[in-house]
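Q: Sequence:
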Amino acid sequence: MDQDTGEAAVSASPRDRLLDAADELFSRDGIARTSVDQVLHHAHVAPGTLYAHFSGKDGLIAAALRRRLDRWDQTWQEAIDAAVSPAEKLLALFDAVSTYRGRYTPGRGCAFLATSTELPDAGHPVHAVITAESTLLLTRLNRLAGTVTTSDSAALADDVLLVYDGAMAGLQRGRTPDPLGRGRKLASRLIQNAIETE
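Under the numbering used here, the residues of the sequence shown are numbered 12 to 209, in order.
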């Protein structure tokens, strides 16, 4: 870490440093393999700070994922707003992932699916965030698909979501060439087919 990066990290609030450290380490190494001590060391904070802000590791996991969801929601909406046609607004899902990965921690794939796999207990506090992310995906994709076609917009939204899930799994596996670019092209074909068959 160079001096400028180190100074920038330490100048952030202790809470933000903990969230940054959790996001980076959980995404890179997984939740189970990342200890509280590793997060504390990475964030340059004392144990009491973590417990004062998050009550423990579970609270930190949920808060880090909630922040990721808020950032993802904003990034995706920005991509939609920048798109010029209904089809491009639906495809903005793939553009938003690329933007998010460039702006924040790239990770190994979908943090929400990875967290759900690592923490399958539905009673864990993180599951409210995972449910919120699923709801956001389904609601927004259905709304956007409805502006592209009226014949079976729900099926189009489901198809785009399936392609998106596959692209995210491709990222997880380290597939090449770029699974997001390939996913976008495939989703574009599905959208064009929906328009032509309406």
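Errors might be hidden in some of the hints.
Label-pair distances were calculated between CB atoms; the ranges are [said to hold, decoys possible]:
| # | residue 1 | residue 2 | range |
| --- | --- | --- | --- |
| 1 | Gly67 | Arg186 | 23 to 29 Å |
| 2 | Ala166 | His52 | 45 to 51 Å |
| 3 | Leu124 | Ser96 | 44 to 50 Å |
| 4 | Gly113 | Lys196 | 28 to 34 Å |
| 5 | Asp92 | Asn153 | 14 to 20 Å |
| 6 | Ala63 | Pro117 | 36 to 42 Å |
| 7 | Ala94 | Ala43 | 52 to 58 Å |
| 8 | Ala93 | Asp132 | 27 to 33 Å |
In the EDC-like style, the derived pairs of lysine to aspartate or glutamate whose C-alpha atoms are separated by at most 20 Å in a straight line are [said to hold, decoys possible]:
| # | residue 1 | residue 2 |
| --- | --- | --- |
| 9 | Lys100 | Asp176 |
| 10 | Lys196 | Asp169 |
| 11 | Lys68 | Glu89 |
| 12 | Lys100 | Asp169 |
| 13 | Lys196 | Asp106 |
| 14 | Lys100 | Asp27 |
| 15 | Lys100 | Glu89 |
| 16 | Lys68 | Asp84 |
| 17 | Lys68 | Asp92 |
| 18 | Lys196 | Glu207 |
| 19 | Lys68 | Asp163 |
| 20 | Lys68 | Asp34 |
| 21 | Lys100 | Asp34 |
| 22 | Lys100 | Asp31 |
| 23 | Lys68 | Glu99 |
| 24 | Lys68 | Asp132 |
| 25 | Lys196 | Glu129 |
| 26 | Lys196 | Asp176 |
| 27 | Lys100 | Glu35 |
| 28 | Lys68 | Asp106 |
| 29 | Lys196 | Asp170 |
It should be emphasised that the hints constitute simulated quantities derived from the structure, not laboratory data.
Owing to the predicted nature of the structure, the values given are computational and were not obtained by experimental measurement.
Even glycine gets a Cβ: it sits at the ideal position worked out from N, Cα and C.
Q: Which of the stated hints cannot be reconciled with the structure, identified by number in ascending sequence?
A: Those not satisfied are hints 1, 3, 4, 6, 7, 8, 11, 14, 16, 17, 19, 21, 22, 23, 25, 27, 28.
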